[in-house]
Amino acid sequence: MTHVAHAKPGAHGGGDAHHAPMSFWQKYIFSTDHKIIGIQFLFVSLFFLLVGGLLAMQIRWQLGFPGKPMPGGSILPQTMAPGGVILPEYYIQLVTMHGTFMVFFAIMPLLVGVYANFLIPLKIGAHDMAFPRINMWSFWLALLAGLIMFAGFFVPDGAPRAGWTMYAPLSARPDLSGVGVAQKLWSVSIVVLGLSSVMGSVNYITTVINHRAPGMTWFRIPLSVWALFITAILGVLALPVLQGAAIMLLFDQSLGTHFFDPVAGGQALLWQHLFWFFGHPEVYILILPAMGMVSEIIANGSRKPIFGYHSMVFAIIGIAFLGWIVWGHHMFMSGMNPTLGSTFMVSTLLIAVPSAIKVFNWMGTMWRGNLRFHVPMLNAVGFVSMFTIGGLSGIFMAATPVDIPLHDTQFIVAHIHYVLFGGSLFALFGAITFWYPKMFGRMMSEPLGKVHFWLTFITYNMTFFPMHIIGMGGQMRRIYDPTIYDFLKPQQPLNVFISYSAFALFAVQLLFAFNFLWSLKFGKKAPQNPWDDNGLEWSLPNPAPHGNWEKTPNVYRGPYEFSSPEAEARGTDFLPQSLKLPTDHDPLPAPLPATH
Amino acid sequence: MTHATQTLDQMRPPFPAETGSGVYSKKLGMWVFLASDVMFFTALIGSYIILRFGMSTPWAKPGAVLNVPLTGVNTFLLICSSVAMVKAYAAIADGKKYFLRKVPGKTLQDGGLKFWLLVTILCGAAFVSIQVVEYIKLIGEGFTPAGYREGSLLAEHAAADPIKYGLGVAGMYGSTFFTMTGFHGFHVTCGVISMLYLYFTKVLPEKYSPQDYAGIEIIGLYWHFVDLVWIILFTIVYLI
Amino acid sequence: MKVRILSVVGSMFLLTVCSKGNQSNAAPPAAEPGAPPAPAAAPAATSSAAGGTVTGKIKFTGTAPRNPTIDMSDEAACKAKYPTAPTEENVVAGPANALANVFVYVKSGVPASYTAPAPGANPVIDQNGCRYHPHVFGIRVGQTLQIKNSDGILHNIKATGKANRPFNVSEPTTMTMPAPRPFSAPEVMVKLECNVHGWMNAYVGVRPDPFYAVSGPDGSFSISGLPPGTYTIEAWHEKFGTQTATVTIAGTESKTQNFTFAAH
Amino acid sequence: MHWWLPPGASTFAAPIEHLFVAILILTGIAFVIVEVGLAAFVIRYRARPGRKALYTHGSTRAEVIWTAIPAVTMVVLGIVSNHYWVMIKDKRSVPPNAYHIGVHAKQFEWQVTYPGKDGKLGTDDDFTIRNQLHVPVDQPVAVELSSEDVIHSFWVPQFRLKQDAVPGMHIVAWFQATVPGEYELGCAELCGMGHYKMRARVFVQTVDEFNAWMTQQAAGGTE
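Chains as they are written, first to last, in our numbering: chain B, 1 to 596; chain F, 1 to 240; chain X, 1 to 264; chain C, 1 to 223.
Extracted from the complex, chain B is given alone in its bound form (with noise of 0.2 angstroms):
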């Protein structure tokens, strides 16, 4: 992070510009500037991925090889690992925080905290973020948030128990999940997340809409600021919703309400309703952002403009809108009217056409291309494979009647890492990689970062894909041990197979660990343009100033102009989205807003 020291704080419009020279604290603690937000965000989720990341090895052990004292395990109270052996409600706590902090405060953040933040001013040509000051408050509050559930592990009876979903009412009374204060901590903690995204979106939304440069068009804005632009108004409608319930369902744990609890009328399924009315569209959030910086990766690689620019943007707005419709479908088993659950179907089989539009647009993109597989474009590459597998295994669960087999088994848990790890983090090894040079103004190491792609790929696969076939065996999710179950036993083989998978993999991402952390201080100077890409933020040094530009560009063409008879001209095969060919005419400025 010391090289964004060099951002020169006379740099014009700014978050705190006026108050140069800053000191330590404003510029890089209590910082106002989105690109340095973005980094603490990225270094914080980067932090909570690696938790969870230890989680599921303690998941995998205990799957792999119930009962047996887990090596190191001694090091854990006696309450959750006595001798290393994990306890079947410390189990739960594994599995719920693995869930929350996975898709809370590793994903989530890491793709809108940090990209969302960093790439937004950068790619439409703002000097920031349109409420700096409320910027900062959603970073901190996130942080406050992950460390409040953080610390659910060192009160008595340990984490939460109930899944990351946290089904009512086992969530809700403590002495049927057998935890208390831990569970008030989570909905706490969620509310707390909650406000936080609420400012952040409220922030890129507002920056998108009034902050783009002169003759940034909508049609020219880049598809990762679209994706990341829709992905914000999901956070703004999704998850006050998810609050309202984390606020019902800490009442019912603390203040003696009912919402949840049939005995005295409250309902179970409410609790479902609101969570996955909120939690279908945060699926879109965890991968809309990854689809759009993966197309940004996949134009540059294959050095051609994106195949189908309007479809795509298009199909981003179908994919969020129909992420509205679609909750039941988390439901079928639940008890649910089944008539819903004939419509729920329809609506989530149509989320099909929107992503198979996507897969096949990226496919033309590279179809006759000129693909450089620099590491960004080799992840995203395996974004698009990996999230293929994830969407098609998606359809055996859309279809009603094949669901009921596989509904609540490992089948799922395959599915959701397929799309997830398979699609989110793939695009996010791609971006960090991609984007690195602007946050650091250093590389990172190229052979190392190939290395780490290939074995990834590799140990990925080994790891998840089984999961299907035990998920088809009709292993449940979350049991602590499938030994017990006659049917179970004979694909306890392929368990064990998944764990040693598992455990390779996470050795493999220590190796991404290190290729991050050495690079900061070791990796070789980046030049202004390393990846020859078109977007406005490569107009500016590495890393770039406070403030951004000196003089807010203009913006002359779409961010795709790969190998153009234009570019051709110049004897190169890109065209920055801000430079003046001679045939190019300024843009006019927008009249000032009428503010009445």
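In short, the hints are calculated from the structure, not lab data.
We treat Cβ as the ideally placed atom computed from N, Cα and C, and that holds for glycine.
Do not take every clue at face value.
With a Cα cut of at most 25 angstroms, we get these calculated DMTMM-like pairs of lysine to aspartate or glutamate [what the hints assert, rightly or not]: (1) X:79 to B:486; (2) B:68 to X:75; (3) X:191 to C:148; (4) C:106 to B:568; (5) X:191 to C:124; (6) X:148 to B:486; (7) B:489 to C:90; (8) C:106 to B:566; (9) C:106 to X:238; (10) X:239 to C:124; (11) X:162 to C:149; (12) X:191 to B:573; (13) B:450 to C:149; (14) X:191 to X:234; (15) X:239 to C:35; (16) C:106 to C:149; (17) C:52 to B:566; (18) B:184 to C:124; (19) C:52 to B:486; (20) C:106 to X:234; (21) X:148 to B:532; (22) C:117 to X:234; (23) X:81 to B:486; (24) C:106 to X:75; (25) C:52 to B:175; (26) X:79 to B:568; (27) B:184 to F:156; (28) B:68 to X:234; (29) X:79 to C:184; (30) B:489 to X:234.
If you want the footprint, here are the derived chain C segments under chain X, 3+ residues with CB under 8 angstroms [said to hold, decoys possible]: (31) 106 to 117; (32) 188 to 198.
Starting from the structure of chain B, add chains F, X and C where the hints point.
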């Protein structure tokens, strides 16, 4: 439209000229925030509706437990505050920063921004105080988020007339009532506090001018929204 | 983390301290289930000289309801421990209608001035053969309960107390719960149950003083060390309810107080 | 080590398996197209000196094609699936001659209530047995699900039947076993620390065996 530039100066960056919405950013931001707040209340109110109509036994009769006249007065106060907010907005729009001023030929004095915003704040504060009093009274009578307290006055009434007092649904009644009205009260309180802040930092020092009164407009948006939500809550919680 | 470490260390310490207690009251499954726990005996040893004693026999009239047999075919480990199909322990009758597993305690009358001797070794409850041993027992306020699993299969133990903090923990293997559970307030009775094996339940009476006992298989009980005074003594049975009697103790005399329940 | 759904033992097994295979084929085709396509492009169009990328912004015809094909397939799939879905889960689909058995889920056991001699639930000759579900073969059985405390899920892999038991709700799920034998009933919805231990045995018996067992139990074997 110079005042727009001033508004822009308050927030960085001063340029590029804002393309797109034609609404200045702070106002747009407030609209977006209100959209999210709508979703928040939708979650609470939606749950209320689902729970209430999912009940097997009937809901308590209006006015059986809750003091409708008192809350009616309260509702009136809040509507007044909304009106006062409109007046304050109009006042600053044509430059009336003062408190009260004698107008020739009129018996009534003419109120300026300082006057009308103060009225708004007072009505809002009164609303919150009355709600607090109402809560204390209700809990005293034995109406709690968990239902009717054992051995309380209310519990006896309910036992005597289970239909009128909705004995079967007491738990749900308490849960939904306190959650929904409580969070609305919280919103009002936030509004009052931020208006007080504006009053002492911007209004009294006469920072606002017909060219720039974004602060008033934005808090006004929020205030009208809170008022609207209350009218819905009052209808579905107290009257139906 | 610090809190947990401490609790672990503490429990280790307790474990060593209580090892003696274990021998005295960890009853094997075959042995009489209602063996009176250590604390009842401990004070008797120390202060029987100074104080009176109440002894008695507990009987019931009518025919005892049949204890349902337990189908343990799901748990071979437990089933193997019984020659014939085991039954629940709702009513444990001895010869001549003697009634075991009755918790007898001094409900009121203990002078406020009375200072109870320090509690003895902490009681132990053992999950053995998918049944709790002991099935009914007493514990002093401030004592902790050692929870032992001799079956090597998953048991969870759930205490649904009102005055005492409820807990719900599990033991998947043969082990003794590292963190013994404290009982902080008087309560008769706290029910203990295992949700994995619906038939498993036990009852613990939490008392501030040492004046309680559990009737043995012959229905007899003995409370000693009572200072002079008039006491209300209550006998509690899980199926037959409670009965009370008033006893006046002068000096170090020994009174007899029998209870008779009606089996209905 | 088996690599497929567990052997089916109810009338639902066949249709669900057919649908499963159908979807497997559909998705298989899509899978091959995409992955092989990607692989081919990766090799064929990799950067080489002198290679020039084609400058194009897309082709509406192509996009219409790969929008329409999935759309149609999905709608068809939806219609077909819905037919079976209604057959399995719809309340009106429970056969009138179904034999009703009550299953009450609680942390962490299944309490199965049998109608006794009169074959009706809710009469006083009902009796309840823990963690044992006996059903006659080739006879529709309607399971009346209820829950004591939290949400559980009734899951018998070989029957291809899964249905949550929700506290405060009374849910009827039906099936018709086709193969006599012993199976397992597990809980598929996280219900607490003993979730994985919430296991009951399912006995599919010939009608005679079942009746014999029933009379013996009704006479008060256990419970």
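Cross-check of the supplied hints:
1. Simply put, residue 79 of chain X and residue 486 of chain B have alpha-carbon atoms about 19 angstroms apart, close enough for the 25 angstroms limit, and the pair holds.
2. Restraint check: the Cα-Cα separation between residue 68 of chain B and residue 75 of chain X comes to about 20 angstroms, which is no more than 25 angstroms; the hinted pair holds.
3. Distance hint between residue 191 of chain X and residue 148 of chain C is fulfilled; the C-alpha atoms sit about 18 angstroms from each other, no more than 25 angstroms.
4. Between residue 106 of chain C and residue 568 of chain B the alpha-carbon distance is near 72 angstroms, which puts this suggested pair outside the 25 angstroms criterion.
5. Restraint check for residue 191 of chain X and residue 124 of chain C: the C-alpha separation of about 29 angstroms exceeds 25 angstroms, so the hint is violated.
6. Among the hinted pairs, residue 148 of chain X with residue 486 of chain B is inconsistent with the structure: their alpha-carbon atoms are about 28 angstroms apart, more than 25 angstroms.
7. Among the hinted pairs, residue 489 of chain B with residue 90 of chain C is inconsistent with the structure: their alpha-carbon atoms are about 33 angstroms apart, more than 25 angstroms.
8. Pair hint residue 106 of chain C plus residue 566 of chain B does not hold up; C-alpha atoms about 72 angstroms apart against a cutoff of 25 angstroms.
9. Between the alpha carbons of residue 106 of chain C and residue 238 of chain X the distance comes to roughly 22 angstroms, so the proposed pair stays at or under 25 angstroms and holds.
10. Simply put, residue 239 of chain X and residue 124 of chain C have alpha-carbon atoms about 23 angstroms apart, close enough for the 25 angstroms limit, and the pair holds.
11. For the given pair, residue 162 of chain X sits about 19 angstroms from residue 149 of chain C by alpha-carbon distance, which is consistent with the 25 angstroms threshold.
12. Between residue 191 of chain X and residue 573 of chain B the CA atoms are separated by roughly 78 angstroms; this puts the pair beyond 25 angstroms, and the hint is violated.
13. Taken as a hint, the residue 450 of chain B and residue 149 of chain C pair is broken in the structure, with Cα atoms around 52 angstroms apart against an allowance of 25 angstroms.
14. Using a Cα cut-off of 25 angstroms, the hinted pair residue 191 of chain X and residue 234 of chain X holds, with the two alpha carbons roughly 18 angstroms apart.
15. Among the hinted pairs, residue 239 of chain X with residue 35 of chain C is inconsistent with the structure: their alpha-carbon atoms are about 69 angstroms apart, more than 25 angstroms.
16. A hinted pair counts as satisfied when its Cα atoms are at most 25 angstroms apart, and residue 106 of chain C with residue 149 of chain C qualifies at roughly 6 angstroms.
17. Proposed proximity of residue 52 of chain C and residue 566 of chain B is supported: the alpha carbons are some 14 angstroms apart, at most 25 angstroms.
18. As the CA atoms of residue 184 of chain B and residue 124 of chain C are separated by approximately 44 angstroms, the hinted pair breaks the 25 angstroms bound.
19. In summary, the hint linking residue 52 of chain C to residue 486 of chain B is not supported, as the alpha carbons are separated by about 60 angstroms, beyond the 25 angstroms threshold.
20. Proximity of residue 106 of chain C to residue 234 of chain X is assessed by CA-CA distance (about 34 angstroms); at most 25 angstroms being required, the pair is judged violated.
21. For the hint linking residue 148 of chain X to residue 532 of chain B, the alpha-carbon distance of about 68 angstroms lies beyond 25 angstroms, and the restraint is violated.
22. Taken as a hint, the residue 117 of chain C and residue 234 of chain X pair is broken in the structure, with Cα atoms around 45 angstroms apart against an allowance of 25 angstroms.
23. A threshold of 25 angstroms between alpha carbons decides the hint, and for residue 81 of chain X with residue 486 of chain B the separation of about 23 angstroms falls inside it, so the pair holds.
24. Of the supplied pair hints, the one linking residue 106 of chain C and residue 75 of chain X holds, its CA atoms being roughly 18 angstroms apart against a limit of 25 angstroms.
25. As the CA atoms of residue 52 of chain C and residue 175 of chain B are separated by approximately 68 angstroms, the hinted pair breaks the 25 angstroms bound.
26. A threshold of 25 angstroms between alpha carbons decides the hint, and for residue 79 of chain X with residue 568 of chain B the separation of about 84 angstroms lies outside it, so the pair is violated.
27. Between residue 184 of chain B and residue 156 of chain F the CA atoms are separated by roughly 33 angstroms; this puts the pair beyond 25 angstroms, and the hint is violated.
28. For the given pair, residue 68 of chain B sits about 48 angstroms from residue 234 of chain X by alpha-carbon distance, which is inconsistent with the 25 angstroms threshold.
29. Among the hinted pairs, residue 79 of chain X with residue 184 of chain C is consistent with the structure: their alpha-carbon atoms are about 20 angstroms apart, no more than 25 angstroms.
30. The straight-line distance between the Cα atoms of residue 489 of chain B and residue 234 of chain X is roughly 53 angstroms, outside the 25 angstroms bound, and the hint therefore fails.
31. Residue count for the stretch 106 to 117 of chain C with a Cβ under 8 angstroms from a Cβ of chain X: 5. That meets the three needed, and the coverage hint holds.
32. For a cut-off of 8 angstroms, the count of residues in the stretch 188 to 198 of chain C with a CB near a CB of chain X stands at 4, and the three-residue condition holds.
The earlier numbered hints that this structure contradicts are 4, 5, 6, 7, 8, 12, 13, 15, 18, 19, 20, 21, 22, 25, 26, 27, 28, 30.
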